[in-house]
Amino acid sequence: MSQRIKRSALLLIVVMAIVVFVKMIPGAAWWSCVIPIVALGVWVGLKKWTVAGLGIGFLAGFLLWPGAILFFHWRYQGGLLPRLGLAGMVIFLLAAGLTGGLLCGLALYTGKTIATGKSNEPALPD
Amino acid sequence: MRSRLSLRFLFPLGALILLIVALSGNIYSVPPPGMLIDPFVGAIQNERPAGAMAREMTLGGLRDPVRVVFDEREVPHIFAGNEADLFFAQGYVMASLRLWQMDFISYASAGRLAEIFGSERLGYDRNQRRIGILEAARQSLALMMQDQETRVALTSMTKGINAYIDQLGYRDLPLEYKLLNYRPEAWTELKSVLILKYMANTLSGYDEDFNVTNLMLVLGEARFNQYFRDYYPAMSPIVANGAAPVNPSLAWCTKPAYLDYDFLSSGSVISKSDYNPRLGSNSWAVSGKKTRSGHPILCSDPHLNLSLPAIWLEMQLCAPGINVYGVSIPGTPAVIIGFNRDIAWGVTNGADDVKDWYKLKISSDYGKYELDGQWKNIDRRVEEIRRRGEKPFYDTVYNTVQGPIVSTKSFPGEHPEYLDHAMHWMMARPSNEFLTFILLNKAHNYDDYERALRHYSCPIQNFTFACRDNTIAIDHQGSMPVKWPGQGRFVLDGTTSAHLYQRDIPQDSLPHLRDPACHYVFSANQRPTGSAYGYYYNGNYRENRANRIRELLAADTGIDVAGMEAMQLDNTSYFAEIALPVLLKVVNGEGYTPQEQADLQSLAAWKGSFGRDDTTAGLFYLWWNKVREYTWDEFGQYKFDSKTPGDEVLLDLIQHDTANAYFDKLGTPAKETARDIVRVAFVAAAAEFDKFRKSRDIKWGDHNIVHIDHLLKVGQLGINGLPSGGYSETINAISSRWGPSWRMVVELGDRPVAYGIYPGGQSGNPGSGHYSDFVADWNQGRYYPLHYFLSPAEARAGNSGLWTLHP
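These protein sequences, in sequence, are chains D and V. Letter by letter, the first sequence follows residues 17 to 142 of my numbering. Letter by letter, the second sequence follows residues 4 to 810 of my numbering.
Bear in mind the hints are in silico, worked out from the structure with no lab data behind them. Please read these numbers as outputs of a predicted model, since none were measured by experiment. Don't take every hint at face value.
Residues from chain D that face chain V, not an exhaustive set, calculated with beta carbons under 7 Å [to be verified]:
{"#": "1", "residue": "71"}
{"#": "2", "residue": "84"}
{"#": "3", "residue": "88"}
{"#": "4", "residue": "112"}
{"#": "5", "residue": "123"}
{"#": "6", "residue": "130"}
Covered, in the sense of this in silico footprint (three residues per stretch, anywhere, with C-beta under 8 Å from a C-beta of chain D), are these stretches of chain V [unchecked claim]:
{"#": "7", "stretch": "39-50"}
{"#": "8", "stretch": "192-206"}
{"#": "9", "stretch": "759-771"}
Glycine residues also receive a C-beta, built at the ideal position from the N, C-alpha and C atoms.
Produce the complete structure using the sequences and hints provided.
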């Protein structure tokens, strides 16, 4: 159980790191981070890690997208987010979270399924 | 077993691909959300600051290094070693601050909005093509490229803009490209000219030929001249009458012989014009003989449609032979309104009629038209209008010797009265206004100024000038055709060449004034001359602001910069000052409620101010509007959308013709007089005002609310709901979407001392802190000091933002 949590946490961090790294590549397509995440999923599957690929990937994207938006807004001190108003800002951040979450979650799950052909996590089914 | 496994991975893979595809394209009107909300390249990256940090760049196309210093308001001060590099850097910096705005306006001007928005803007594009802006821009560009100075400016600026565009990845694109899901195309010299023509179009929208033609026919010559006269005593023309005799054609408008109902058989239905002629610009110059410091002062506040990104971009341009500060139009070279060490200049709209309509006799297939009894071929040009996501649309544009036929049976447009009429527009004639501004930027004295002005053609503008040597001047400059009396005021007959324009008024006969004895010159869209001017001309001029400016300048003997700023912010209506005593005299008497009596007392104490916190201006506004409405109700009965006589005519009738038939209100058995109308209007206005009083919004600013829309009308990108002082007839002429687009006051001493502000911010990026940071101060009537530097080292002191552009 402890190892599963550790691996999940590690996977969460690695997925986020991959996204940040790929996004630093100039000219890369907005979705290009899914390719290494799929590859990561394959590796996870081959290693037979019992982690929830969809859930971990989704959580990574769901946290990273809005988190990065808030980080850049704080760093730039820009005026775009406030123009949306509080409700607009919440909707924008939620939409970003869902987009990032689905993208990373599906990518990790796809990779894992390619390698194993099924979910290895009965407790947290994908 | 293997087959089952394959199916399992295909499902999430398919879902992933579907997700990517769905988020990569537009969802109805929503731009591709995957990219837009991506934190690393999407909209949030548009919050990155652009100018105010040190950067070193290598740009192909430069000859020598260029330094750009951004001051605390993100105003770029560009220092180059030669003019080509200067305009290259101007283009580069403009693009970095306002790329989308200038690109978008070039599309709008050329009639290419369907390329961005699809068929929903096809009608707009067809109209733009037909009025000939794109064609006029092409022809003007050909002329401009023959001039060495203009060619260098345009080609260098184009290279600079393209150097910026070439660097852009998706992350760096201005927000609007991301929202509309397209990319900037390569800049061309033509796009700069298109922006110039767009401004010309904005400034020469005056067009009431059909309206006035109908009025002349309905009223007859005598009544037309009584109610729509051009001259009356309370006027302050730019050039007042001297000893010359009155020109009869200006003093009295004779009905042209061809004008009758047979001539106008079609076209009695006239659509409402969206042109608002009540608002305009001010500019004046005062000689040092009348200022406290002994130095001349020039003030300019052009009034335009308020929008974000702002119309103007503030900058300093410095190279050998040129060191100028002022505002530019993004996408065009040089400074348009500004000053250098020796001179300053301002601009207001000349308000002349430069657009005329000819009624044609044409064949049903648009093949031929009749001129002087002969059938001539109509020229055709096919315009390809590209549409987003659809095949191009091909529109045939028909041209006659008078001009294009804008409205045809296949495309009547929004103005059915234009059907089968040719439009003559001075803008269609090739001209090189850029050269005027380039030369003004480098001018040192009056002779330089006059030389620069000679290249200015359309639309006619009033140029105000001040020089450090205390010369002041004003010129009503542009191509003014020589007209026979009434020519161009009414719809013209397209079947005779006698109605064509043959030549222009010579340059030295255009209205101009230098160093008058009063020691000041001024313009506020008023008549350029008194009735003694030797040539007939017509336009839609406004007099009240000019009268107020003259009143203030004449009274002030110790003029200084602070006083001039206060004058630009003056909210007092000259007309209200003269009308109120007349109205109060009429309503004097019994029969009013206590509240109405209190209202009359507050009006008696009112000084005509439309200040934001004024609590009486609204009552006067309602009152006078109701007097107008009740008096001129007959004009609302006409089949055409008629204008009504001017306020000065109505005030004169109230004073001197109280039993005039127009005072008899329609739908009442009684025969009302001026007294009845003014009293009834007051009671109605007081009742309406009382409702506002109960809802606690009787301050003028509660009703004079300014909205500054983004060009795309996206609510979140604009600024709405700014209570404001000012009124269309005051110097500070502000209404909901129109107002002073650039306030500038310059004193030309040993070194220029200047102040200015515009409603916007230097950046066109809604995510930038400099997008709209001037608006609050502009609304409060504050000014910023304009830093005019003599060297890069001086500019760098205290300013951290430095770009070094290396060749």
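Verification of the hints:
Violation of the interface hint for residue 71 of chain D is found here, the shortest Cβ-Cβ separation to chain V being roughly 13 Å, above the 7 Å cut-off. This hint holds: residue 84 of chain D has a C-beta 3 Å from the nearest C-beta of chain V, less than the 7 Å allowed. Look at residue 88 of chain D: its Cβ gets to within about 5 Å of chain V, closer than 7 Å, so that hint holds up. For residue 112 of chain D, the suggested interface contact is upheld, since its CB lies about 4 Å from the closest CB of chain V, less than 7 Å.
Here the hint on residue 123 of chain D is kept, as its CB sits about 6 Å from the closest CB of chain V, short of 7 Å. The closest approach between the C-beta of residue 130 of chain D and any C-beta of chain V is roughly 4 Å, which is under the 7 Å cut-off, so the hint is satisfied. Look at the stretch 39-50 of chain V against chain D: 11 of its residues bring a Cβ nearer than 8 Å to a Cβ of that chain, three or more, so the hint holds. For the stretch 192-206 of chain V, the stated coverage by chain D is not satisfied: 0 residues place a CB nearer than 8 Å to a CB of that chain, which falls below the threshold of 3.
Taking a C-beta to C-beta cut-off of 8 Å, the stretch 759-771 of chain V contributes 3 residues in contact with chain D, enough for the three needed, and the coverage statement holds.
In summary, the numbered hints that this structure violates are 1, 8.
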